Each structure stands twice: as C-alpha cells, then as structure tokens.
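Student: What follows is each chain in one-letter form.
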Amino acid sequence: MRNEKDLLQLMNAHFEPLKLEIKRKQNVSVEFKKEELIQALSFLKSHSYRHLSTISCVDWPEEGEFELVYHLFSYDDLINISLKTRIKRDPGIFQTAKEIWPVAEFYERDIHDFFGVKFKGNDNLEELILENWQEIPPMRKDFDTRKFVNDKYEWRDYNGQKHTD
Amino acid sequence: MIDIIYRIGHFVLITVFSMALGLLFMGIARKIVARIQKRYGPPVYQPYLDVLKLFGKDAITHGFIFDFGAIMALGGVIATLFFIPLGSWQLYSMEGTVILVIYLLAIASLGMAMGTVGSGNPQASVGISRALMQMLGYELPYLVILFALIYRYQTSSVWGLMQAQAGSFLNWNLFAYPLMAAVAFVVLIGMMGKKPFDSMIAPSEIGSGPVVESGGKYLGMLLLQKSITIIIELALYVNLFLGGAENILIFTFKMLIVWVLATMFGSLFPRFRIEDGIKFFWKWPLGIAILQAIYIIT
Amino acid sequence: MNNNFVKGSWQEILDWAQNKSINMLHYCTGCGAIELPPTMTSRYDMSRFGIGPAATPRQADLLLVTGYLSTKTLRRLIYTYEQMQAPKFVVGFGSCTINGGMYWDSYNTIKQLDKYLPVEMYIAGCMPRPEAILDGLLKLKKMIADGEADGYQRYQDNLEYYHQNQEAVLGEVQRTQ
Numbered sequence: 001m002r003n004e005k006d007l008l009q010l011m012n013a014h015f016e017p018l019k020l021e022i023k024r025k026q027n028v029s030v031e032f033k034k035e036e037l038i039q040a041l042s043f044l045k046s047h048s049y050r051h052l053s054t055i056s057c058v059d060w061p062e063e064g065e066f067e068l069v070y071h072l073f074s075y076d077d078l079i080n081i082s083l084k085t086r087i088k089r090d091p092g093i094f095q096t097a098k099e100i101w102p103v104a105e106f107y108e109r110d111i112h113d114f115f116g117v118k119f120k121g122n123d124n125l126e127e128l129i130l131e132n133w134q135e136i137p138p139m140r141k142d143f144d145t146r147k148f149v150n151d152k153y154e155w156r157d158y159n160g161q162k163h164t165d
Numbered sequence: 001m002i003d004i005i006y007r008i009g010h011f012v013l014i015t016v017f018s019m020a021l022g023l024l025f026m027g028i029a030r031k032i033v034a035r036i037q038k039r040y041g042p043p044v045y046q047p048y049l050d051v052l053k054l055f056g057k058d059a060i061t062h063g064f065i066f067d068f069g070a071i072m073a074l075g076g077v078i079a080t081l082f083f084i085p086l087g088s089w090q091l092y093s094m095e096g097t098v099i100l101v102i103y104l105l106a107i108a109s110l111g112m113a114m115g116t117v118g119s120g121n122p123q124a125s126v127g128i129s130r131a132l133m134q135m136l137g138y139e140l141p142y143l144v145i146l147f148a149l150i151y152r153y154q155t156s157s158v159w160g161l162m163q164a165q166a167g168s169f170l171n172w173n174l175f176a177y178p179l180m181a182a183v184a185f186v187v188l189i190g191m192m193g194k195k196p197f198d199s200m201i202a203p204s205e206i207g208s209g210p211v212v213e214s215g216g217k218y219l220g221m222l223l224l225q226k227s228i229t230i231i232i233e234l235a236l237y238v239n240l241f242l243g244g245a246e247n248i249l250i251f252t253f254k255m256l257i258v259w260v261l262a263t264m265f266g267s268l269f270p271r272f273r274i275e276d277g278i279k280f281f282w283k284w285p286l287g288i289a290i291l292q293a294i295y296i297i298t
Numbered sequence: 001m002n003n004n005f006v007k008g009s010w011q012e013i014l015d016w017a018q019n020k021s022i023n024m025l026h027y028c029t030g031c032g033a034i035e036l037p038p039t040m041t042s043r044y045d046m047s048r049f050g051i052g053p054a055a056t057p058r059q060a061d062l063l064l065v066t067g068y069l070s071t072k073t074l075r076r077l078i079y080t081y082e083q084m085q086a087p088k089f090v091v092g093f094g095s096c097t098i099n100g101g102m103y104w105d106s107y108n109t110i111k112q113l114d115k116y117l118p119v120e121m122y123i124a125g126c127m128p129r130p131e132a133i134l135d136g137l138l139k140l141k142k143m144i145a146d147g148e149a150d151g152y153q154r155y156q157d158n159l160e161y162y163h164q165n166q167e168a169v170l171g172e173v174q175r176t177q
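Protein chains in written order, with full-length UniProt numbering: chain A, 1 to 165; chain B, 1 to 298; chain C, 1 to 177.
Chain A on its own, in the form it takes in the complex (with noise of 0.2 angstroms):
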C-alpha cells in the first residue's frame, strides 16, 4: 500500500510530470504533458489504479486551452488522483482513452457534448445528453446562457412586468 508520496515518487520515476502537488489527505493531483497523458494512466491502470471515476473539463479562453481532467481511484492504496492535460482549443481534438476503460467513451461523448472536444479513436461521438443541439457547446464560457435563452424562450408576462426584471 502506498501513500501519497510513493505515489508521487512513483509518476516522477516513470514520467516528466509539470506539476505535483498532494492537495488533502488521500488527494493527489499530476499535470502531464498531453503526449504522456494516456501512457501515464495505462500506467496507472497497471498498478492498481483501475478506476476510471469521470473524465471533466475545464475552459480557459484566455489561453485558449481546455483542460481534461481524468479522476482515477485505486482501491489498494485508497487514492484520488487527478490527471490534469491541456490541450489547445481550437482543433480541440485529443486522444481516447477507450481502449483502457470502455466506459470512458461515454465520458468523451459528454464531453463533446458540452465542450465540443473531439477524441480521436472513438468513433461514437454522436449526442448523449442534448437534442438537436444547433448552437456551439454550451458550457463552453464564450457561449452567452442569457441571450440564448433570451432569443429561444419567451418569459411569462405578469401585467407588462416579467419575473425576470
């Protein structure tokens, strides 16, 4: 059973991680490069870190780069890790990682859903939560929620005063 930091012993050793930092008791978060990434959790897979909580991301328009966030969690050593990436953000494309964990598709699709990341090697990217979605992806922060919904829905009229006023 390792603690936090044989584990951050361990990803120095076998890889050039950016940053490391033990955040809480059990919470370890590691930024690769993204040419390492999908190596590191094969790695990780292989020593008893096998599952995969969620895939998140996160937008930085100022930098003009998205960064995937994969949640791993071993039940030996009783870890969170996250393994941070940041990609660019326009192409937008990045690796899949559904070779390692099937489920992992799922969390790729809903992440271009929301975002509009493409994953190359999965093929099924079609929707999973939105329908007929015509806009750019709506979590992304450029997206403006108040207009849209101000352009597609109409409020309730109370008396010539909407609720939202």
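Be careful, since some hints might not be right.
[Claimed, not checked] Covered stretches of chain C, as calculated for chain B (at least 3 residues, CB under 8 angstroms):
{"hint": "1", "region": "18-31"}
{"hint": "2", "region": "102-114"}
[Stated by the list, open to error] Pairwise CB distance ranges (calculated):
{"hint": "3", "chain 1": "B", "residue 1": "Leu261", "chain 2": "C", "residue 2": "Phe5", "range": "47 to 55 angstroms"}
{"hint": "4", "chain 1": "B", "residue 1": "Val16", "chain 2": "C", "residue 2": "Glu82", "range": "34 to 42 angstroms"}
{"hint": "5", "chain 1": "C", "residue 1": "Pro37", "chain 2": "A", "residue 2": "Asp90", "range": "35 to 43 angstroms"}
{"hint": "6", "chain 1": "B", "residue 1": "Phe11", "chain 2": "C", "residue 2": "Lys7", "range": "52 to 60 angstroms"}
{"hint": "7", "chain 1": "C", "residue 1": "Pro38", "chain 2": "A", "residue 2": "His47", "range": "47 to 55 angstroms"}
{"hint": "8", "chain 1": "A", "residue 1": "Asp142", "chain 2": "B", "residue 2": "Phe64", "range": "17 to 25 angstroms"}
{"hint": "9", "chain 1": "C", "residue 1": "Lys7", "chain 2": "B", "residue 2": "Phe64", "range": "53 to 61 angstroms"}
{"hint": "10", "chain 1": "C", "residue 1": "Trp16", "chain 2": "A", "residue 2": "Asp142", "range": "28 to 36 angstroms"}
{"hint": "11", "chain 1": "C", "residue 1": "Leu138", "chain 2": "B", "residue 2": "Val16", "range": "46 to 54 angstroms"}
{"hint": "12", "chain 1": "B", "residue 1": "Ser204", "chain 2": "C", "residue 2": "Arg154", "range": "30 to 38 angstroms"}
{"hint": "13", "chain 1": "A", "residue 1": "His47", "chain 2": "C", "residue 2": "Ile34", "range": "38 to 46 angstroms"}
{"hint": "14", "chain 1": "C", "residue 1": "Glu172", "chain 2": "B", "residue 2": "Tyr92", "range": "34 to 42 angstroms"}
{"hint": "15", "chain 1": "C", "residue 1": "Ala86", "chain 2": "B", "residue 2": "Phe64", "range": "37 to 45 angstroms"}
Derived by calculation from the structure, the hints in this document are not laboratory data.
Given the structure is predicted, the values throughout are model-derived calculations rather than measurements.
Ideal Cβ placement from N, Cα and C applies to all residues, glycine included.
Once you've looked at the hints, dock chains B and C against the given chain A.
Tutor: Frame of chain A, contents of chains B and C only:
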C-alpha cells in the same frame, strides 16, 4: 320458443349479475386493502364509476386481432359462467363440467394473449407470457385436487360435486379434506392474480402487463372480464369446498367470505418473481395435493 | 333539439363519472415527484377522492408534470400526452412549469408549459406540499364536473399553435398520421 326466451333471459341475468357482483367485490377489496394500510380508501362503488368513465372515453384500436382478443377474453369468461352453478342458478349441468371450466378459462387467457400480440407492445408480451407460465404453475396442483375429488365422489360435474357435500356442514370438503382446501385457496389466490402471485400485472415493473396498451373502452371491457373471472373462480371454490348453497344470497355470502380472506392474505405479501412463484406452486401446493390425493385413493 | 338534450345530459353523466374517477400518470421529471408518495399513501390518501395512479399513458386521464422540463423530456412528454385517450387533462406542478422557477436562465429548460401542452391548471409552490396538491386536484375535479376542463379540445382546435411552439424549441417532432 318460450323455453328459448327463458334461457336467453337467464343468460343475460346471470351475466349482468356476475358483472355487478364482481365489480362490487373489487370495490370491497380496494376498501379492505386501504384499511389494512391505514387509509380511508375509495368508496365501495368506485369500480362502477371507473367502468362508466372508461366506456365514456375514446379508445384507439391496434387492428383486428386486438379487438378480437378483447372480445374473445370477455366471451370466454361469459361462456364459462354458464357451466357454474351459482346457488340454485344453473344453466347447463352435465358430466365433465369441472374440466370444461378449466379449459374455457384458458380460452379467456388466450384471448388476452391474442390482444397483446395485436398491440405489439413488448411489456404486454412479457406480461401475458408470465400469466400463461403462472397458469402452468397453478393448474397442476389444481388438477390433482380435481381428479382426487372426481375419484372420491365418482362425478365430474360441478353440480354433482356440490350435491355430494349436501347435508351437514361437516360434509363440506373444507372440513373433510382441509389440506386440499388450503391448497385450493393458495391456487385461488394465484388464479385471481393477487399478491404474491401478481407478477404478470406488476404495474411498476412492466406497466400492468397484458392491459398495457388497452385504454378507454378496451380497458372497461377487460375490467368487466376481470370482474366475471373473479366470480367464476370464487364460485368454483365455494362449490367445490364450501358445499355450494341453496339460494343465491347464501352463495354470495360464502363467496364474499372467501374473497375477503383472499384479499387479506394478498395484501400481506410482497410479489413473487415468476420463476419463484412457479417453483412455489410445484413444491408445496403440488406436494400436499398429491399427499391428499394418495390418502383419498388408498 | 331533443337529441341535443339527450346528448347533453349523457355528456353530463360522463363528466360526473370522470370527476369521480381520475387515473393520473405522474410524469416524474423533477423533484415534485417526491411529494406524490405521501399524497397517495396513508397520510393524505388521495384515493378517497377517487384519484389513483395509472400504470401507462393509455389508461390515464390526468398527466401530472412534476417539475422542470428540459427540452429532451418535453419531447417525451408530448409523446406521452399524445398516447393518452381523449378526455385528458394536464396539471403543471411547481413553479418550474409556470415560469421556469429556479431554472429560469437555463439554456435547456422550457419556461412555460402551457405554450406546448394545454394545461388545465397549475399548482404553485416549490415544491407544493401534499395539502396543496390535494387542494389543486379537488379544484380540477370541480372543473371536470362543470365541464370547464376542456384542454384536449383546445389542443385539437389550436393544433397549429401548439405544434409551432413545440417545433420552435425541439426541432423536428415525430407525429403519428
């Protein structure tokens, strides 16, 4: 000629009476279940309102087979009704009615099956396949009981089996062969699709099973079919085990007692899965029925 | 004239039976569904008013929309509504169906249910308590008995309007016939 008119009048009277009584029994059952759950419950006449409302609603058909299935189910049970003595009311009496009744009831189930095939809803198919499987489960112990009774009294008409118990109430099969009556009671609960044997109509699981696609008038028709089925099954039990009755009032009273008991038992148990239900029927009721049959024959 | 009178009284009898016997389909879209179990079970027992649950849309008279509707669930709701048989009523439940409620600025949640389906009445609250639900349903019973609950006729008469609104938020909607 007069005789024919008299017969037809009798047909109509028995059918209407059974429908009305069956609906009343359903209302009573809803009230009993409500009181067991510490609720006030709907009024006793609620099923009559339901039927009236359902016949006032629109209904869409799913084709000829669907219509025919519903009519076959209703016709099957009405036909069965004529071979069962209700008190002193008896239209046809002959040897073999016990077997005939079982077969005619199967026709009603097959009518339901045809309706579900016509609707093409997968949940309805699951429901009806469960219903037919359950029939396989409860008919085996029931047939063992019936054959034992036929052997014992040397008659195979319901009327004859009822007459054989005449005299004192100690002659009733309920007291003469209590184990058999208990088995038949469990089978009765299964026949009427009450809990714990209601996996074929499980509303939260397969959306009420065979009737999932029937709305409006079709549902009203199936509700009437259900009400007559209840009366047939109760009447069969009363005739075979409680010695029938001389007049319809006492007969209704006996049916009511059996119905209330069955409802109370039903509201106590959770639902069997279909394979567990069949396993149960083929283990305990069948075993006890065979034991009792051996006792009768030897 | 006489014929009309007979037809009218028969309709009145049917309305009376309908108001005493309502099978509701609670379409559990949101948090409002949690208020229905206490309303149905021992504490409040709506079955004493002749209101009970229905298993499928075909058997139901009343569609309870319990909470917010995303556009994806609205599509299913419309299919459900169109499967129901003719005297049919819709009751909006909670503030989400009235004006979007706490989801008023969500990009994917509709704001007014009555633009898409003919709503008989709304039960306000976030969430309405079982007492409010019972009060609302008793009002609905009264409306049915008086012949005021004519949502399905309004839907037929203004089919264009409803279809337009539905297609504006959903894109293509599958229709039978």
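Student: Are any of the numbered hints broken by this structure? If so, which, sorted upward?
Tutor: As far as the earlier hints go, 2, 5, 6, 8, 9, 10, 11, 14 and 15 are violated by this structure, in ascending order.
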